[in-house]
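The lines below spell out each chain.
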Amino acid sequence: AQTVTQSQPEMSVQEAETVTLSCTYDTSENNYYLFWYKQPPSRQMILVIRQEAYKQQNAMENRFSVNFQKAAKSFSLKISDSQLGDTAMYFCAHEGVSGNTGKLIFGQGTTLQVKP
Amino acid sequence: DTAVSQTPKYLVTQMGNDKSIKCEQNLGHDTMYWYKQDSKKFLKIMFSYNNKELIINETVPNRFSPKSPDKAHLNLHINSLELGDSAVYFCASSQVWGNEQFFGPGTRLTVL
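Residue numbers (this note's numbering), protein chains in the order written: chain V, 1 to 116; chain L, 1 to 112.
None of these hints come from the bench; they were simulated from the model. Glycine included, C-beta positions come from ideal geometry on N, C-alpha and C. Take these hints with a grain of salt, some might be off.
Far from chain L by the CB rule (all over 12 angstroms, computed), these chain V residues [what the hints assert, rightly or not]: (1) Ser7; (2) Val13; (3) Gln14; (4) Glu15; (5) Ala16; (6) Glu17; (7) Val19; (8) Gln57; (9) Asn62; (10) Phe64; (11) Lys78; (12) Asp81; (13) Asp86; (14) Thr87; (15) Gln113.
With a cut-off of at most 25 angstroms between alpha-carbon atoms, the simulated BS3-like pairs for lysine-lysine come out as follows [to be verified]: (16) L/Lys41 with V/Lys115; (17) V/Lys78 with L/Lys41; (18) L/Lys40 with V/Lys115; (19) L/Lys36 with L/Lys52; (20) L/Lys67 with V/Lys103; (21) L/Lys44 with V/Lys70; (22) L/Lys52 with V/Lys103; (23) L/Lys71 with L/Lys36; (24) L/Lys36 with L/Lys67; (25) L/Lys40 with L/Lys19; (26) L/Lys22 with L/Lys41; (27) L/Lys67 with L/Lys9; (28) L/Lys44 with L/Lys22; (29) V/Lys103 with L/Lys36; (30) L/Lys9 with L/Lys52; (31) L/Lys9 with V/Lys103; (32) L/Lys44 with V/Lys73; (33) L/Lys19 with L/Lys41; (34) V/Lys103 with L/Lys44; (35) L/Lys36 with L/Lys9; (36) L/Lys41 with V/Lys73; (37) V/Lys103 with L/Lys41; (38) L/Lys52 with L/Lys19; (39) V/Lys78 with V/Lys115; (40) L/Lys22 with V/Lys103.
In isolation and in its complexed conformation, chain V is listed as follows:
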């Protein structure tokens, strides 16, 4: 069964600095998708970034980038030039392609506090 582990329950960073959130996963599938979702205090779940496992190139979206290490089953999120609005809980998630179900397996989440 797939599992996703986020080993950092809480992190903090100064505004304008860079922070990296860790995520490891376990899967027996060769092809799958990985996601980072953000949940601010408003409770809304928002997609931050998406990675397709068969693509070697790391995904990037503006200040957000990932370090995808397929062999190590690691998928970390780097936030550059942190902003106060980045304060939120961040969830790493895995979706396997087997069965085409769209089933997302989430990690435990990392609470990120951006300090002024």
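Fit chain L to the known structure of chain V by using the hints.
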């Protein structure tokens, strides 16, 4: 303009009652999901429907029954509510597997 909407946003009820949460998406997506977020913020999938057909049914008590009258709606009915059902329930939708899932605002259910 809301992509995925849920009603109600808050639900407070007594143990033993039956309640429903409604979800609608106007994105034209074929697949809809229900997730449960517990008090520790852990998110777990409960059900998914593709074009009104049940695809995923995780180990959820049979007091929970999803219903999809059409592909834009996925409702969740809960019978005989228990204290442990208190959580935030999220509806989501996506066009195809592997794509972004769009989440509703969540429904905070409190069972007293």
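Consistency of the hints with the structure:
1. Ser7: Non-interface label stands for serine 7 of chain V: nearest chain L Cβ at 15 angstroms, farther than 12 angstroms.
2. Val13: The assertion about valine 13 of chain V holds, with a minimum of 20 angstroms to chain L.
3. Gln14: At roughly 24 angstroms from the nearest Cβ of chain L, glutamine 14 of chain V sits farther out than 12 angstroms, so the non-interface label holds.
4. Glu15: At roughly 24 angstroms from the nearest Cβ of chain L, glutamate 15 of chain V sits farther out than 12 angstroms, so the non-interface label holds.
5. Ala16: Non-interface label stands for alanine 16 of chain V: nearest chain L Cβ at 27 angstroms, farther than 12 angstroms.
6. Glu17: Non-interface label on glutamate 17 of chain V holds, nearest chain L Cβ at 25 angstroms vs cutoff 12 angstroms.
7. Val19: Label holds. Min Cβ-Cβ 19 angstroms, cutoff 12 angstroms.
8. Gln57: About 17 angstroms separates glutamine 57 of chain V from the closest Cβ of chain L, which puts it past 12 angstroms; holds.
9. Asn62: holds, 16 angstroms
10. Phe64: The assertion about phenylalanine 64 of chain V holds, with a minimum of 14 angstroms to chain L.
11. Lys78: holds, 20 angstroms
12. Asp81: At about 24 angstroms from chain L, aspartate 81 of chain V clears the 12 angstroms cut-off, so the statement holds.
13. Asp86: The claim holds: aspartate 86 of chain V sits with its nearest Cβ about 17 angstroms from chain L, beyond 12 angstroms.
14. Thr87: holds, 15 angstroms
15. Gln113: holds, 15 angstroms
16. L/Lys41 with V/Lys115: holds, 22 angstroms
17. V/Lys78 with L/Lys41: holds, 22 angstroms
18. L/Lys40 with V/Lys115: Satisfied, since the Cα-Cα distance of roughly 23 angstroms is no more than 25 angstroms.
19. L/Lys36 with L/Lys52: Holds - the C-alpha atoms of lysine 52 of chain L and lysine 36 of chain L are around 20 angstroms apart, at most 25 angstroms.
20. L/Lys67 with V/Lys103: holds, 18 angstroms
21. L/Lys44 with V/Lys70: holds, 24 angstroms
22. L/Lys52 with V/Lys103: Since the Cα atoms of lysine 52 of chain L and lysine 103 of chain V sit roughly 16 angstroms apart, the hinted pair holds (cutoff 25 angstroms).
23. L/Lys71 with L/Lys36: With a Cα-Cα distance of about 21 angstroms, the restraint between lysine 71 of chain L and lysine 36 of chain L holds, given a limit of 25 angstroms.
24. L/Lys36 with L/Lys67: holds, 16 angstroms
25. L/Lys40 with L/Lys19: Answer holds: lysine 40 of chain L to lysine 19 of chain L is near 23 angstroms, not above 25 angstroms.
26. L/Lys22 with L/Lys41: Answer holds: lysine 22 of chain L to lysine 41 of chain L is near 22 angstroms, not above 25 angstroms.
27. L/Lys67 with L/Lys9: holds, 19 angstroms
28. L/Lys44 with L/Lys22: holds, 19 angstroms
29. V/Lys103 with L/Lys36: Within the cut-off at roughly 13 angstroms; holds.
30. L/Lys9 with L/Lys52: Holds. Lysine 9 of chain L to lysine 52 of chain L sits at ~24 angstroms (cutoff 25 angstroms).
31. L/Lys9 with V/Lys103: Distance of about 24 angstroms is within 25 angstroms: holds.
32. L/Lys44 with V/Lys73: holds, 21 angstroms
33. L/Lys19 with L/Lys41: holds, 22 angstroms
34. V/Lys103 with L/Lys44: Measuring from Cα to Cα gives roughly 9 angstroms; hence the hint holds.
35. L/Lys36 with L/Lys9: OK: lysine 36 of chain L and lysine 9 of chain L at ~14 angstroms, within 25 angstroms.
36. L/Lys41 with V/Lys73: holds, 23 angstroms
37. V/Lys103 with L/Lys41: The hint holds at about 18 angstroms.
38. L/Lys52 with L/Lys19: holds, 21 angstroms
39. V/Lys78 with V/Lys115: holds, 17 angstroms
40. L/Lys22 with V/Lys103: Holds, at about 21 angstroms.
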